[in-house]
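Participant: Sequences listed follow chains A, W, R and E, in order. Each residue of the first sequence is one higher than the one before, counting from 1 in my numbering. Each residue of the second sequence is one higher than the one before, counting from 1 in my numbering. Each residue of the third sequence is one higher than the one before, counting from 1 in my numbering. Each residue of the fourth sequence is one higher than the one before, counting from 1 in my numbering.
Check before you lean on any hint, since a few could be wrong.
Heads up, the list lumps identical chains together, so a pair's fine if it works in one copy or across two of them.
Unchecked claim - Straight-line distance between alpha carbons at most 30 Å, and here's what the computed DSBU-like set of lysine-lysine pairs gives:
| hint | residue 1 | residue 2 |
| --- | --- | --- |
| 1 | K217 | K344 |
| 2 | K78 | K344 |
| 3 | K34 | K217 |
| 4 | K273 | K342 |
| 5 | K217 | K142 |
Since the hints were derived computationally from the structure, they do not count as laboratory data.
Protein chains: 4
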Amino acid sequence: MQIGMIGLGRMGANMVRRMLRAGHSCVVYDINQKAVAGLASEGATPAASLEDFVQKLEKPRTAWLMLPAAITGAQVAKLEPLLEKGDIIVDGGNSNYRDAVDQASRLEPKGLAYVDVGTSGGVWGLERGYCLMIGGPDEAVKHLDPIFAALAPGAEPDTSPARDTAGPGAPLDHFGTARLGYLHCGPSGAGHFVKMVHNGIEYGVMAAYAEGINILKAANAGDSHRPADAETTPLGEPQYYRFDIDLPAVTEVWRHGSVIGSWLLDLTAGALKADPALQNYGGRVSDSGEGRWTLKAAIDTSVPAPVLSAALFDRFSSRGESAFADKLLSAMRYAFGGHAEKPKE
Amino acid sequence: MQIGMIGLGRMGANMVRRMLRAGHSCVVYDINQKAVAGLASEGATPAASLEDFVQKLEKPRTAWLMLPAAITGAQVAKLEPLLEKGDIIVDGGNSNYRDAVDQASRLEPKGLAYVDVGTSGGVWGLERGYCLMIGGPDEAVKHLDPIFAALAPGAEPDTSPARDTAGPGAPLDHFGTARLGYLHCGPSGAGHFVKMVHNGIEYGVMAAYAEGINILKAANAGDSHRPADAETTPLGEPQYYRFDIDLPAVTEVWRHGSVIGSWLLDLTAGALKADPALQNYGGRVSDSGEGRWTLKAAIDTSVPAPVLSAALFDRFSSRGESAFADKLLSAMRYAFGGHAEKPKE
Amino acid sequence: MQIGMIGLGRMGANMVRRMLRAGHSCVVYDINQKAVAGLASEGATPAASLEDFVQKLEKPRTAWLMLPAAITGAQVAKLEPLLEKGDIIVDGGNSNYRDAVDQASRLEPKGLAYVDVGTSGGVWGLERGYCLMIGGPDEAVKHLDPIFAALAPGAEPDTSPARDTAGPGAPLDHFGTARLGYLHCGPSGAGHFVKMVHNGIEYGVMAAYAEGINILKAANAGDSHRPADAETTPLGEPQYYRFDIDLPAVTEVWRHGSVIGSWLLDLTAGALKADPALQNYGGRVSDSGEGRWTLKAAIDTSVPAPVLSAALFDRFSSRGESAFADKLLSAMRYAFGGHAEKPKE
Amino acid sequence: MQIGMIGLGRMGANMVRRMLRAGHSCVVYDINQKAVAGLASEGATPAASLEDFVQKLEKPRTAWLMLPAAITGAQVAKLEPLLEKGDIIVDGGNSNYRDAVDQASRLEPKGLAYVDVGTSGGVWGLERGYCLMIGGPDEAVKHLDPIFAALAPGAEPDTSPARDTAGPGAPLDHFGTARLGYLHCGPSGAGHFVKMVHNGIEYGVMAAYAEGINILKAANAGDSHRPADAETTPLGEPQYYRFDIDLPAVTEVWRHGSVIGSWLLDLTAGALKADPALQNYGGRVSDSGEGRWTLKAAIDTSVPAPVLSAALFDRFSSRGESAFADKLLSAMRYAFGGHAEKPKE
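Bound conformation, chain A alone (with noise of 0.2 Å):
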């Protein structure tokens, strides 16, 4: 099957070699030419502009965007006249589930469908395959099949002793697909609606481990001087803080047998064997939207979610954005108490 896709970064490359390895051909765009001669190099249709993508496309054609959501709706601006009735594009990006909602029904009069893939699976995507969830309507999805598959990590040995395994050739239960690692989870929006909530699940579960490994860190507290002033509590009973825990120790004890054991665990267990002290990072966080639209998501339909906001805010203040509060704090406490800042150590 032929499948064209705009944007090969990161994500949008290594989706294309996974295609072309199960024996899809791939016509490839993006801005930068280097990226598309580079896959052009492993087999892949190298497109030299929009309309060159377009016209190497075999009809119905399927124009697969991987790009920032900043830029995906220009995209689509620019693509859409060039497309007849009957294609489809794909946002395979980390963009807003609203858009599709919107994209959708705007495009579908016009004859085009609008699918939206919410793809998970990072830099281990194209050994581990992808997880996909999709949106869209019937027809289109039914269609892209075999390029789901292609990109799913497919049937592996259920290795939880805590679900009924299946092997490889055990029929497909009434989950269809999702056990292959994709899902038609509903119409346009529904892809991106569930990536946009697994990733805000993700924020909560990274802060979990963060805040916990913090802790540990913390365990010798009960070793250091606290200065003994109407500032600082004191830390009353030092004798339960003298541990000098192992952070990579521990976090790969846990991921054999525990109840915590997780891929996010993995990853950990790894950062802190190869740097204990994780010195090659200064905690800036970044967050790229999903976890804002999820919480945007929680308030609209009037559900708590005050984990997953607590993680959120904690990136913004890892990034400085609670500066000018924590001043507030601290001029507040002057007026009432004269209490003066400490210095920093």
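Given chain A, work out where chains W, R and E should sit, using these hints.
Facilitator: Using the frame of chain A, we list chains W, R and E on its own:
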């Protein structure tokens, strides 16, 4: 090797079985003599009383306790006068790590070793092995190594593509036994400290999934009527909330290749598959202490833990513990704005 | 000066009364003609229909709307064709500030001014005056100054010893009218934006008191029995929780000289005095939108708001919205540990 | 009446002054003899040593301590052998209420009364009076009533229209002295318990204002450029964030008639008026213990406190204590997605 086990509930009984299967011998005691008889029929040596239990142990004796935290201290007090210099008490339950610090400093002068073993794995541990986080004096921990090795999962093929994989026959790396699923974390108390934080993280990870899935469930909010009164926020854009998400299928697909794959997700997908509406649960979530103690440790050591605390407090709220606070909010709203509470729909 | 008021609920009716007392004249309209007749008997000019309302207004007309947010937009749409260039629409309700931004940019080309007035003061405003946060074009806001001055508290003796006090006759400082209780905050939308954040803060302040008082109420926990099972955290040191705190008296004493004195505390103390167990409340706490919108603004602008979000989500939870998430937690606990839910005592 | 004061810092010295002004006599002691001499020149009786201090006190002696929590215990230990049956020790500092529980049960058999007095009012207390939350045995508390009455604000005209007002001459109601600004809250420890929760609430209220004002400050985010890359969430609708809010003016207007009027808001408005950008503060916010202890009490008694905990943890974060957790998040993001941290702009 021989060991004695006191407390034959879910955890204790299965741990005895796993040790028996590995060729160790076990003396077993419980106030519930049926539990004792049951394990005797599986090859354990039954003890009729604490005195009998101690008498049947070879020196140096090892008495392993698997009891609720509220009972362990009293049991140690009864056991202590029956033991001799060189004997070992193991607390494998979910006790506060501070108890281990205190017990060890009290028992050490008497020549008794106190080993605290945080044990994760739940009802799956019999089959899957237990992740063991161990605190205590070097000699005693070394002495018990064959027991730990039998209880732990042991070397598994490393299925995570994110890790340097090392097959079952590969030499252990610098983490020593961590790759086998057990780890000597430090002096007495260190094992339960690490287990405590493990459970604190567990609360956070669980809450992240629960909140996210609750948002997915509400993705059809745009199909519901929301009353147009001053006490209700209008849902401005219902067109973005018209998805009926198949929760069992989504949690299943996330298991395959996504960033948030984990054992807790495996269990969640299984639970939702068996009972999609979770009708068997009322939503009153217990907590058994570790989450609380994790937060107290965070507070003592000045470590921010907003996610872990939100997860804990949600459990309290699930049991109705915010009721009076909520009444206060309604009372304030009535007082300043004349707002009357809306009845439950 | 003359003004027209649409919406004669709690807020609208009292605002009319306060304007009448200040010597202004008011044309009043409501779909509830009883409300219209009531205010007519107090000196207002009744309107039988929207057309009648508009006809009775002197030019340039000012139509002030005090309606639920869900209705305001539709009312503006009906009103708009009846108005002429130079007329002013005031939205004094709790609308989303985005509506004001949109309405203003739509109506400005037609020569209609849109003024948004965030109004705080609740049922006490008639007596105490309303705090007004105003957005809109300079000319319209200036035109309405006598109305704002009548509605606002006006110059009060500054009773806070923490402030440079300025008596009622003192000249206004560089904040212009802020000391009188009303402020032109910026262009259309700015008034409701400031009021939105005001309410977001209100949620946080209310929750701080409610949580703290709930802790005081639990200060006798050491006198209660806590079951000794694996699902219940033991209360290690009951001797520290044997206080029976008199909540009405404590909230009263805090009103006199403490750092946390506030009007909300005044109201809380009054509510607890009248009904110490708050038996008249069920604890289902409504939210009318501003708290949600405040968080969305925080999310859009990358500002951490962990306290304001915790306060909002607690309101959602008070109405049962975390039920499914809590069931998921119980299901996970059962799945990994065989933990059964404990029934409500 | 005569009283002795140990600890002549900001709080202790002003309390002595307020007692002297009310006609009481004070023996004063501090390791800083300059502070002693200063108050002697204002009419207090100076003590050159602890022995001298005790000797100059009339029986039954009252020794009132105003010291940092980390020092109070040692001072009590020195004082105790110098005192006699019937004497009273008052701890007016910010000690953990548990110390009062312990001290009282230790000293009661020796005939010494231990009275804990939570004291709020800060640097304004001299002028405004101190709010006193008192724990201790009835007799001792009754004996000290004239002192409490002198320190407390006393009957003020009740300026809150939300309350039944009672003029200065009105009889005290069933709250006894609460309306005068002091309250006997229960046995030893109760005073510091109530003060602890008071400060816990204070943290939450302060954070609510600080977060809200930080959102107001960001209301012009739509005027800034946000880079269009995969690490940055696009601001979808910049037209809604084009407000330049005058923070000093807004906090001032909120003081007049709004629901969130409070003394902390008075102080905030004053601080912003004096220094709108808060250039004199770095944003490292101290905490002196009560917020931590409030949370521990919430945890022990199963009371949800998400707002109070978020406020505490933000203070920890403001001092850099989340740095390692944030590095872990960045390390995970790099591990699964190849995301590199963005440098500070």
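Participant: Each of the hints needs a verdict: does it hold here or not?
Facilitator: Each hint tested on the structure:
no., hint, in the structure
1, K217 - K344, "both (20 Å within a copy, 26 Å between copies)"
2, K78 - K344, "neither (53 Å within a copy, 34 Å between copies)"
3, K34 - K217, "neither (45 Å within a copy, 43 Å between copies)"
4, K273 - K342, "between (35 Å within a copy, 23 Å between copies)"
5, K217 - K142, "between (50 Å within a copy, 25 Å between copies)"
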